[in-house]
Structures are given as C-alpha cells and as structure tokens.
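**Student:** Numbering (our numbering), first residue to last: 38 to 258.
Simulated from the structure, these hints should not be mistaken for lab results. One or more of the hints may lead you astray.
[Claimed, not checked] For each label pair, taking beta carbons as the anchor points, the in silico distance ranges come out as: (1) PRO148 to HIS208: 15 to 21 Å; (2) LEU121 to THR198: 32 to 38 Å; (3) MET197 to ASN40: 46 to 52 Å; (4) GLY214 to GLU69: 23 to 29 Å; (5) LYS177 to LYS41: 16 to 22 Å; (6) LYS41 to GLU194: 42 to 48 Å; (7) LEU105 to GLY214: 52 to 58 Å; (8) GLU58 to THR125: 16 to 22 Å; (9) ALA98 to THR147: 43 to 49 Å; (10) THR125 to MET197: 26 to 32 Å; (11) PRO211 to ALA84: 35 to 41 Å; (12) ARG94 to GLU44: 17 to 23 Å; (13) GLU154 to GLN108: 50 to 56 Å.
[What the hints assert, rightly or not] Heads up, simulated SDA-like pairs for lysine to any residue below, C-alpha to C-alpha not over 25 Å straight-line: (14) LYS158 to ASP219; (15) LYS158 to ASP190; (16) LYS177 to GLU55.
A quick note: this is a predicted structure, and the numbers were derived from the prediction, not measured. Cβ coordinates follow ideal geometry from the N, Cα and C atoms, glycine included.
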Amino acid sequence: MRNKFDEQLLELNNKLIEMGELIEHSISTAVEALLTQNIELAATVKADERESDKKERQIEALCFELLLRQQPVATDLRVISAALKMITDMERIADQAEDIAEIVKYLAATPPIKQPEDISKMAKATKKMLKESIDSFVKKDLELAKAVIEHDDVVDELFMTIRKDLINIVHEKPESGEQAFDLLMIAKYFERIGDHASNIAEWVIFMITGTHKRSVKTENA
Numbered sequence: 038m039r040n041k042f043d044e045q046l047l048e049l050n051n052k053l054i055e056m057g058e059l060i061e062h063s064i065s066t067a068v069e070a071l072l073t074q075n076i077e078l079a080a081t082v083k084a085d086e087r088e089s090d091k092k093e094r095q096i097e098a099l100c101f102e103l104l105l106r107q108q109p110v111a112t113d114l115r116v117i118s119a120a121l122k123m124i125t126d127m128e129r130i131a132d133q134a135e136d137i138a139e140i141v142k143y144l145a146a147t148p149p150i151k152q153p154e155d156i157s158k159m160a161k162a163t164k165k166m167l168k169e170s171i172d173s174f175v176k177k178d179l180e181l182a183k184a185v186i187e188h189d190d191v192v193d194e195l196f197m198t199i200r201k202d203l204i205n206i207v208h209e210k211p212e213s214g215e216q217a218f219d220l221l222m223i224a225k226y227f228e229r230i231g232d233h234a235s236n237i238a239e240w241v242i243f244m245i246t247g248t249h250k251r252s253v254k255t256e257n258a
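All chains, please: the whole structure from these sequences, using the hints.
**Tutor:** Right under this line is the structure:
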C-alpha cells in the first residue's frame, strides 16, 4: 500500500514540474512576442494556457485519488493539500501569461514608447520564483521556499521602476498614454505572477512546518 502511495506522490511531483515548465514557456513566449512585436507568437500562448488547464485537472484528479483511496494522515495529508492549493496559483499564472500575450497583440501595431528591458527582468525574476517554488515542494526545501518569498521584493521594485518611467513618459508625451497604460498592465500582471509564486512557496512552508503564513497573521491581528 505504501509503495503505491509513494509512486503516486512521485507522479504528483512530476506533473507539477511539467505544469510549471509549461507555464514558464508561456511567460517566455509572451515576453518574446512583446520584444519582437510578433502577433502570431503571442497567439500561441493561448494553446499553452489550455494545456495548463488540462494539467491542473490531471493533478487535481490525482490528489483526490490519493485522498480518497490512500487516506493519508499528518505530513502526507499536508503534501496533498499544499499541491491542491499550489495548482490554483499556477493556473492563475498561466492565465496572466495569456493576458500579457493579449495586450501584446495591441501593442504590436505601434512603435514602443519604452524599451521593455525592465519588463524582461520582471519576467526572468518571476520565472525563477515559479521554478524554485515548485522545486522547493519537490525537494521539501524550507530555505528555498523562504528565498522565493524574499525574491518577490525584486519584482516589486522593478514594477515601481517601470511605473515611474511610464508616468514620466506620459508627462512628456501625453499622446503616449494608451500605450503606457498597456505596458503598465503588463508589468502589473508580472507583479501578480510574483505574488502567486510567493503563495506557492507559502504552501510549501505549510507542507513542511504545518503553519501557514496567513494563519499566523490572522492569529496576531
């Protein structure tokens, strides 16, 4: 019985890794489409999002099978509970990558008012957070999960830099307001992706320690 359970836990880890890699690809594709103003490339992100939906359903089904058939207790129960919470945040990240790609379709029609180097940095930072949050789950690495949460400050700082730059551009060229708003929305989506990756890391911490950060906040409020 335990051998079967361990096999299914390994399958769960593998499926989470696969879903994470798919979402990382979506983020990379959306950013490349932005840099190259490639509408056709942006359109491919939707297919990735549909595939991530499918992965989410597969993981959810596996988790429920583990709950119903294996009747896990204590630590094993926290592993499955954390995985169910994680895939919700992962799917939201996939949705936001698609939202970014949709905005790129509009931006591709006009020359960029700002080179998106900082947006590229945000994408790189959020992909790192996503990958390491999933790695921390697979490896049960508490310190790595904590590092993911700390790295969210990098994403927040980049967002504030982009926001400030775009405000300055609009002050100088008011006619650029619409494109500035679109670029700000893209940056905001990346900020949210960072928040979701932090959420995943918080669930990993719960899995390992039995304590969730939000629960502590509530108790201390």
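**Student:** If a hint holds in the structure, say so; if it doesn't, say that too.
**Tutor:** Cross-check of the supplied hints:
1. PRO148 to HIS208: 15 to 21 Å: 19 Å, holds
2. LEU121 to THR198: 32 to 38 Å: Given about 35 Å between the Cβ atoms, the range holds.
3. MET197 to ASN40: 46 to 52 Å: Since the Cβ atoms of MET197 and ASN40 sit about 51 Å apart, the hinted range of 46 to 52 Å holds.
4. GLY214 to GLU69: 23 to 29 Å: 26 Å Cβ-Cβ, so the 23 to 29 Å window holds.
5. LYS177 to LYS41: 16 to 22 Å: Given range 16 to 22 Å: holds, Cβ gap about 20 Å.
6. LYS41 to GLU194: 42 to 48 Å: About 47 Å separates the Cβ atoms of LYS41 and GLU194, which means 42 to 48 Å holds.
7. LEU105 to GLY214: 52 to 58 Å: 54 Å, holds
8. GLU58 to THR125: 16 to 22 Å: 18 Å, holds
9. ALA98 to THR147: 43 to 49 Å: Between ALA98 and THR147, where Cβ atoms are some 44 Å apart, the hint holds.
10. THR125 to MET197: 26 to 32 Å: 27 Å, holds
11. PRO211 to ALA84: 35 to 41 Å: 38 Å, holds
12. ARG94 to GLU44: 17 to 23 Å: Holds - the Cβ-Cβ distance for ARG94 and GLU44, about 20 Å, lies within 17 to 23 Å.
13. GLU154 to GLN108: 50 to 56 Å: This hint holds: roughly 52 Å between Cβ atoms.
14. LYS158 to ASP219: 17 Å, holds
15. LYS158 to ASP190: 13 Å, holds
16. LYS177 to GLU55: 17 Å, holds
Consistency note: the structure conflicts with none of the earlier hints.
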